[in-house]
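Colleague: Chains as they are written, first to last, in our numbering: chain A, 9 to 123; chain B, 121 to 232.
For the record, the hints were derived by calculation from the structure and aren't laboratory data. Honestly, I wouldn't trust all of these hints.
Which residues of chain B face chain A? A partial, calculated answer using Cβ under 7 Å [claimed, not checked]:
(1) P164
(2) L208
(3) F222
Beta carbons are placed, not taken as given, at the ideal position from N, Cα and C, and that holds for glycine.
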Amino acid sequence: DTEVTQTPKHLVMGMTNKKSLKCEQHMGHRAMYWYKQKAKKPPELMFVYSYEKLSINESVPSRFSPECPNSSLLNLHLHALQPEDSALYLCASSQDGGHGADTQYFGPGTRLTVL
Amino acid sequence: QKEVEQDPGPLSVPEGAIVSLNCTYSNSAFQYFMWYRQYSRKGPELLMYTYSSGNKEDGRFTAQVDKSSKYISLFIRDSQPSDSATYLCATPGSSNTGKLIFGQGTTLQVKP
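If we strip away everything but chain A, and leave its shape as in the complex, we get:
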């Protein structure tokens, strides 16, 4: 089973709201990722967790706060977002993220709209 699940599927929030996106995998993968994807563009990496430790932060604004409670779960906490943050947010996982031939499996994404 190569399934990564994400909740919610859709989220509409105001600029003053606080919300969280959730991601789960049960493939025993030790690396998990958050990506942002705008329409007609490829995914852009935001964060990488490897063995539950943050290993990459691609200079993401602090209004996005990742959390990895355990090896199967990944959260993205959202606060004081801007309308330009509206996008498809994708979670992915891979075996360990530490070598070149490490294939990433993506979830279905959360479509976020910031009003």
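Could you slot chain B onto chain A? The hints should help.
Modeller: Just chain B now, kept in the frame of chain A:
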């Protein structure tokens, strides 16, 4: 120059055609390549991955890497309307961080 370049299309073909999707890459040290298919408003789905040169076949799909030309291809035989999607090539490049370098994606439409 981008590290991975991919023609965004759109590419429109009749049902049953052979489709060729292509990417070029800039660094000869890149060795591992993936193809993802993404339907509208969905997450990317891994189709195939290849390591080093040569061909890899899976059903109607063939992935090919030409290291001498720094060119990767995905061929779809007997294309179906259900193949209509955006196809993304990707590579981890020469890093071991897990960061993927994506092409821009090619939008394919297969007309019945």
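Colleague: Each of the hints needs a verdict: does it hold here or not?
Modeller: Cross-check of the supplied hints:
1. P164: 5 Å, holds
2. L208: Where the cut-off is 7 Å and the nearest Cβ of chain A is about 6 Å from L208/B, the hint holds.
3. F222: Nearest chain A Cβ about 4 Å off; hint holds.
The structure agrees with every numbered hint stated previously.
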